[in-house]
Amino acid sequence: MSQNQTPYSGTVTPSKAPFWYDPKVRAVFFQIGVLGMVGLLGYYLMTNTLANLERQAIATGFGFLEKQSSFEIGESLISYSAADTYLKALLVGALNTLLVSFIGITLTIILGTFIGIARLSTNWLLSKMAAIYIEFFQDIPILLQLFFWYAFFYEILPQPRQAINLFKGVFLCNRGLIFAIPAAHPAFKYMAVAFLIGCCAVYIMRRWARKRQDETGQIFPVFKAAVGILMGLPLITWWAAGAPTAMDMPVLRGFNFQGGITVSPEFTAVLLGLVLYTAAFVAEVVRAGIQSVSKGQTEAAASIGMKPGQILNLVILPQALRVIIPPLTSQMLNLTKNSSLAVAIGYPEFVSVSGTTINQTGQAIEGVVLIMTIYLIFSLTTSAFMNWYNKKMKLVER
Amino acid sequence: MNNERLQTSSVDAIKPPRTHIGVVGWLRANLFSTWYNSLLTLVTLYVLWQAVPPFIRWAFIDSLWTSTGEECQAVDGACWSVIPANIRFILFGFYTYSEQWRPAIAIVALVGLLVYSQYRRNWKKRLIYIWLAGLVGMGVLMRGGIFGLTPVESTKWGGLPLTLLLAVFGLTAAYPLGIVLALGRQSRMPAVKSLCVVYIELIRGVPLISLLFMSSVVFPLFLPEGVTVNKILRAQAAIILFTAAYIAEVVRGGLQGMPQGQYEAAESLGLKYHQTMRLIILPQALKIVIPPSVSILISAFKDTSLVVIIALYDLLKTTQSVLGDPRWMGYSSEAYIFLAIIYFICCFYMSNFSRKLERMLDTGR
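First to last, the protein sequences are chains E and W.
The numbering of the first sequence is the working numbering, which starts it at 143 and goes up by one.
The numbering of the second sequence is the working numbering, which starts it at 107 and goes up by one.
Hints are computed from structural coordinates only; laboratory data are not their basis.
Just so we're clear, the structure is a prediction, and the values are computed from it rather than from any experiment.
Among these hints, one or two may not hold up.
Unchecked claim - Stretches of chain W that chain E covers, calculated by requiring three or more beta carbons in the stretch to come under 8 Å of a beta carbon on chain E:
id, segment
1, 132-143
2, 294-303
3, 323-332
4, 413-422
Said to hold, decoys possible - Which stretches of chain W does chain E cover? Using the computed rule of at least three CB atoms under 8 Å from a CB of chain E, they are:
id, segment
5, 146-153
6, 453-462
Backbone N, C-alpha and C define an ideal beta-carbon position, used for all residues, glycine too.
Make the full structure from the sequences, and use the hints.
Structure follows, in structure tokens:
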């Protein structure tokens, strides 16, 4: 081709490449190919599945949710009986998952922070103990830990008659953890309302304090005032409602305890396993976060006359939290996902209830879809929160 | 000059106060530097004093190591006898009893391979061939059927070999898949990118156990009539699909760590996409992500224990069935502590290796 061109022409227009060398065209074809393959695979699986379902006479769709479940669930936050629907059974399971995750997350953060700080302590003994804890609990599968704690309850702890009395009103035996609670009284309802009002008041106060600080530069002791309001309002309500102090004490009657609150061995084992395991990871996250703030920051803040409390609040925490929060959230998510392992020791959380549902109805696909959906909702909510937080905390650069 | 030296040596001769050196100095600096540090030390020592001596008493002094289950009931201490009495079932499950030397050799070979590959001087192309040969050899050894070895059905595999098999094959197969997913997620083609993002986020959002459920109850429905897939293989597939999503995220971290200049330089040399990736980007990116990959390996290893829930006889399940035996009921703590030690040794070794690797790779930069 090039030989035909006149040798003296000033501009050489390169011969146009054939269209299949055009990256854009290639990309379109490649994507059509990939999508086609995925579609074909999906179609193949779907036809197989439908044929199999028809052959085995398994119903499809979520109609079963309305049917009577006819199985009992050991523990439940809402009233539930075997006469209720599958939908309600699954709701009970989801609430149990949320309950164990929520309490687990709270305890994990507290324990993990303590261990993380202990790891950084100048006290050699404490630091080494924390290091041993972290290494030990991280390296043993969570399922094994759950089995261990469950066996601990059933094999090592005594019968209710010989229950270990930890403190006044707190018993530990193979029926679980039993402790006293304040006896029912209307005052506690009013206290909850007072607490909610307190939360609103603190929110308004914070906005006002920030605005005033922006305008006048005066600092208002927000934290102390908030603690005062949140503790004080419910306490005043409690006092005004007659200061009830009666306790509902657990008492041994026959073979078991009556009164108080009994936390089942399953729940306690799951909680113990999840908290001890995840706290080891959280401790590492906290340690890394604290170490990420260089010592110069503290010294610089001290040199411009900040008090230790201010240094912690205004200089160290905002920087350390930026490093800590993202991995911390993923640990919290891990804890929620790991709570599904409770199925192995018989705590009726979502996966366990779904498993029973699958066994009874034979509708495995719907059951697994439900499990995945619930956990996806948890994950997506968390990552939405993370994105919002990251945006809020992002370093504002020039 | 001479004078000056004399001066220095005389300054050296004045020793620091005795309370600042030696054992006393160390104690003062590390345990009793302030009043609250002293308090912390004392509290920790008290807790240790309450916990450690009774444990030692239980585990070593009052314990029995070789006895029957009945004899154990008479003593207060640990009944370690449950382990030696059942060790072959715990380690090898239902594998034909007379042939259990074969999985034993396979495990030793695998450990040997792992130890061999941890040295950097062995990281050559030869290593890949050695691994391939090793894996095939182990497969033949486990399965039998040729070279006069009695065939052993894979349904009989269990215990430690199953745990290691799920972990090692899970990771080796998940790694390439994870790389493809990571590249797909970085791709400029919207369809490919969104497929990969959906896959990765979907898998990372659900617990492994739901995938294992899927492999055990839903997967058989996907297959045409008459086709069945071995249960171990299905669980293995679930583990691979799960681990791949996590590896993809780790590899993506490495890819994002590559400076844009590397891509531009490769492009200006006229390299095509796959050449750029294979020769320029991936070798550097994968090197960065070796340490996080080892942590994925550790969690994949720990996660294999979840196959208990779909009733595969891995190390944890074989132990549990021993504990279900009426002769050995009630000695769960001892058996679980033994398992914990096995898992701990493996994971601790790997995490130590990862730390060493991090230091080793750091010096090159």
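Legend entry - Hint numbers not upheld by this structure, sorted from lowest to highest: none
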